[in-house]
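Enquirer: Assemble the complex: chain A is given as a structure, and chain B must be docked to it using the hints.
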Amino acid sequence: MDIPYTVKSRPDTGVYNAKLGIWLFLASEIMLFGGLFSAYIFLRMGAPTWPGMIDGHMYTRASEILSVPLATVNTMVLIASSVTIVMAWASLALNDFKKYKMYMGITILCAFGFLVIKYFEYAAKFDHGYLPEDSTFLAIYFVMTGLHMLHVVGGIIVNGYLWGPGAKMWKTNPEQFKHRIEVAGLYWHFVDIVWIFLFPTIYLL
Amino acid sequence: MTNETEPDFHAMEGNEGEAAHEDHHHELSFWRKYIFSTDHKMIGLQYGFTALLFLLFGFGLMLLMRWQLASPGEPIPFIGWLFSDETAPGGIMLPEFYNQLGAMHGTIMVFLGVVPLAVGAFGNYIVPLQIGAPDMAFPKLNMASYWSYFVGGVVMLASFLVPAGAAKAGWTSYPPLADIETMGQTMWLIGMIFLITSSLLGAVNFLTTIIQLRAEGMTYMRMPFFTWTQFITSFLLLLAFPPLEAAGVLQLFDRLLDTSFFLPSGLVVSGEVLEVSGGGSPLLWQHLFWFLAHPEVYVLILPAMGIVTEIIANNTRKPIWGLKLLIYSLIFLGFMSFVVWAHHMFITGMGTSLSGFFQVTTMIISVPSVIILSGLFLTLWGASMRFTTPMLFALAFLPMFGLGGLTGLPLGLAPTDIPLHDTMYIIGHFHYIVAPGTILALFAGIYYWYPKATGRQMNETLGKIHFWGSFICMNGIFFPMFFQGMAGLSRRLYDGGASYEFAEGVIHYNPIMSAFAFLLLLAQVPFMINFFMSMKKGKKVGSNPWEATTLEWTATTSPPLAHGNFEETPSVYRGPYEYSVPGADSDFTPQNQP
Numbered sequence: 001m002d003i004p005y006t007v008k009s010r011p012d013t014g015v016y017n018a019k020l021g022i023w024l025f026l027a028s029e030i031m032l033f034g035g036l037f038s039a040y041i042f043l044r045m046g047a048p049t050w051p052g053m054i055d056g057h058m059y060t061r062a063s064e065i066l067s068v069p070l071a072t073v074n075t076m077v078l079i080a081s082s083v084t085i086v087m088a089w090a091s092l093a094l095n096d097f098k099k100y101k102m103y104m105g106i107t108i109l110c111a112f113g114f115l116v117i118k119y120f121e122y123a124a125k126f127d128h129g130y131l132p133e134d135s136t137f138l139a140i141y142f143v144m145t146g147l148h149m150l151h152v153v154g155g156i157i158v159n160g161y162l163w164g165p166g167a168k169m170w171k172t173n174p175e176q177f178k179h180r181i182e183v184a185g186l187y188w189h190f191v192d193i194v195w196i197f198l199f200p201t202i203y204l205l
Numbered sequence: 001m002t003n004e005t006e007p008d009f010h011a012m013e014g015n016e017g018e019a020a021h022e023d024h025h026h027e028l029s030f031w032r033k034y035i036f037s038t039d040h041k042m043i044g045l046q047y048g049f050t051a052l053l054f055l056l057f058g059f060g061l062m063l064l065m066r067w068q069l070a071s072p073g074e075p076i077p078f079i080g081w082l083f084s085d086e087t088a089p090g091g092i093m094l095p096e097f098y099n100q101l102g103a104m105h106g107t108i109m110v111f112l113g114v115v116p117l118a119v120g121a122f123g124n125y126i127v128p129l130q131i132g133a134p135d136m137a138f139p140k141l142n143m144a145s146y147w148s149y150f151v152g153g154v155v156m157l158a159s160f161l162v163p164a165g166a167a168k169a170g171w172t173s174y175p176p177l178a179d180i181e182t183m184g185q186t187m188w189l190i191g192m193i194f195l196i197t198s199s200l201l202g203a204v205n206f207l208t209t210i211i212q213l214r215a216e217g218m219t220y221m222r223m224p225f226f227t228w229t230q231f232i233t234s235f236l237l238l239l240a241f242p243p244l245e246a247a248g249v250l251q252l253f254d255r256l257l258d259t260s261f262f263l264p265s266g267l268v269v270s271g272e273v274l275e276v277s278g279g280g281s282p283l284l285w286q287h288l289f290w291f292l293a294h295p296e297v298y299v300l301i302l303p304a305m306g307i308v309t310e311i312i313a314n315n316t317r318k319p320i321w322g323l324k325l326l327i328y329s330l331i332f333l334g335f336m337s338f339v340v341w342a343h344h345m346f347i348t349g350m351g352t353s354l355s356g357f358f359q360v361t362t363m364i365i366s367v368p369s370v371i372i373l374s375g376l377f378l379t380l381w382g383a384s385m386r387f388t389t390p391m392l393f394a395l396a397f398l399p400m401f402g403l404g405g406l407t408g409l410p411l412g413l414a415p416t417d418i419p420l421h422d423t424m425y426i427i428g429h430f431h432y433i434v435a436p437g438t439i440l441a442l443f444a445g446i447y448y449w450y451p452k453a454t455g456r457q458m459n460e461t462l463g464k465i466h467f468w469g470s471f472i473c474m475n476g477i478f479f480p481m482f483f484q485g486m487a488g489l490s491r492r493l494y495d496g497g498a499s500y501e502f503a504e505g506v507i508h509y510n511p512i513m514s515a516f517a518f519l520l521l522l523a524q525v526p527f528m529i530n531f532f533m534s535m536k537k538g539k540k541v542g543s544n545p546w547e548a549t550t551l552e553w554t555a556t557t558s559p560p561l562a563h564g565n566f567e568e569t570p571s572v573y574r575g576p577y578e579y580s581v582p583g584a585d586s587d588f589t590p591q592n593q594p
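The listed protein sequences derive, respectively, from chains A and B.
Letter by letter, the first sequence follows residues 1 to 205 in the numbering used here.
Letter by letter, the second sequence follows residues 1 to 594 in the numbering used here.
Just so you know, the hints here were simulated from the structure itself, not pulled from any lab data.
Please note that a few of the clues may not be correct.
Here are the simulated EDC-like cross-link-like pairs (lysine to aspartate or glutamate), alpha carbons at most 20 Å apart as the crow flies [stated by the list, open to error]:
1. 19/A - 29/A
2. 125/A - 258/B
3. 8/A - 216/B
4. 101/A - 175/A
5. 537/B - 460/B
6. 33/B - 2/A
7. 8/A - 175/A
8. 19/A - 182/A
9. 539/B - 460/B
10. 118/A - 64/A
11. 140/B - 2/A
Here the structure is a predicted model, which is why all the values come from computation and not from measurement.
Next up, chain A with everything else stripped away, as it sits in the complex (with noise of 0.2 Å):
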């Protein structure tokens, strides 16, 4: 018995299942993220000064201890990858396969940059001995970039799926592959836009 809707949309709706899904899954994530932006926001207003002593030093600005160019940098990087995800799935509609692969092959390097760069910022942190015991604001910063970290590593696993051994769907149901890329797009916008929030939230303010 097939489920109905998993390639054709539901005339009264609109939508797929799976695009369904995918917004109901993002809105659950939006509570984790908000969660823990209510979180900060909790800490902060309870804190005297902002990020505060940390190993007998003051701060009163969190890019003394945070590296801005490097998080702007990466911001660039994922909002590239976001652009070429979109271009990924508009050259699935467009029938050329080839495209597609480059596009999201570009994505995925992305999403590795990003991790790359990340890496550099936490090494660093390491490095001057900064680490989640010694300020609620390192224990914040680390926590939330950290998650978000792991959803770019869940994007990249998905994308380098549906890049690799996923994409021979195209042959087979070129439909319902597209609407992979779609989701799979989605989510991934999501993954940025939460990052759009996490820089200036942790960054700059």
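Expert: Coordinates of chain B only, in the frame set by chain A:
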């Protein structure tokens, strides 16, 4: 839609309307059919069996506690020798073990017992049938949801075996205590992350199924009330659980990486200043926890209301009074449940203006609950009722839930909450909602849908014994709690108040309540016998033994076809409860009758 490609199987022989599908009949292997099934009905049954076992286990923990409360310091009878020296040397329970029992009783009953039974089991089994869907929208996610729940349960059980035992900081896991607790608390957090994942997968699946897979003609307003309650419940699970997941991650960081999310500066533990950076706040946990846990209360109660509504309509042979009003109330209730959470926190000193806000929202949220309850009561008006076993349970739900709700009003207002907070009164209040409320409704659901799942009816006499036993014993346990609480007896006392002078006037209730608790266990024996015996010996019935109107009875066999549910996809022409329509052929008009 046709059933040509996928296999069907018939678990029961001799039911009507099963002959048509003998072609293309190849069996799935045992593992695919019973263990790693993707069929929503099998997953529903898996959820049901697992949840019932957890309910029994959680009840067992409570019996140990009730023994200790009734006779503090006496060795546990019969099974005392089973316990190690770290938990109960010579059968005499240690305070640490009592705290484990308390924390794990709450956790297991809520997250592993009632919710999985109400949502995982009933929701999974019934919702696709009621809306005319061949299965859930994402069958593999459905399987993943069950197994994630299962792993979460195993982790929770395993936590009893780690050094110093399971979590002891209460089911609410308040820091700073939970932050400095023994390893069992870490296990609790890991278990919770699995359970939350399971709920989220389930919620996405239910919502997509209900929105996308409704059969032709099944408009939202024609959906049975039970499906409506599952719909709103799924929204609550989807949106309320993630903040607890966030909080759980923060607490894990606090415990494993020595961060201070929930630890204020200068915290002193056992006479020594804790060596942490400080700067955090225990209140943060409470906000994040109750942001989940208040909607969770409605997750516990809404499916129960749904079950009761189905059964009352069916046994009064009347349409539900004000069905639309009930549905709108349900939606409003869902919204409001997100803005009442801090009424659990009146004594934390969060300030009078915040308290004021949450008192107002709490009073507002009682209105839709009262509307739903009134609608159900008014449905009874002038009905010539069938007093079947499910109907008895459903009828008992109404006053029991009413009692639980009314005793909640003083807790929703700060001035009256402050003296009652953390006393036995609040234990009585929420147990009236969950135990004689939700659990009686879940039993009603089991008796009501048992013929659908097995093709056989449960025994009515045993069912009635089970009902009266449970009903009387539950009241015997929970009603005295109100007296104890109003006298100021705290909820977490290891000796039940025996060493506290102010409790002297009310602790004589303890042995009576405990006796009722043990009798309640006895009252479950007829249910267990009935449940298993009826599978083999129960009276065989057709597909619609209750003469109901909704699709799960009128459009499928009992049990429904595996993988696909319907011989042909039903179309829906009318509302869910068209009973006793003047001029109709019979006193019920099925939804799929043109």
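Enquirer: Next step is simple, just say for each hint if it's right about the structure.
Expert: Checked hints:
no. : hint          : verdict
1   : 19/A - 29/A   : 15 Å, holds
2   : 125/A - 258/B : 17 Å, holds
3   : 8/A - 216/B   : 16 Å, holds
4   : 101/A - 175/A : 16 Å, holds
5   : 537/B - 460/B : 13 Å, holds
6   : 33/B - 2/A    : 18 Å, holds
7   : 8/A - 175/A   : 9 Å, holds
8   : 19/A - 182/A  : 8 Å, holds
9   : 539/B - 460/B : 10 Å, holds
10  : 118/A - 64/A  : 17 Å, holds
11  : 140/B - 2/A   : 13 Å, holds
When the structure is compared with the earlier hints, no violation turns up for any of them.
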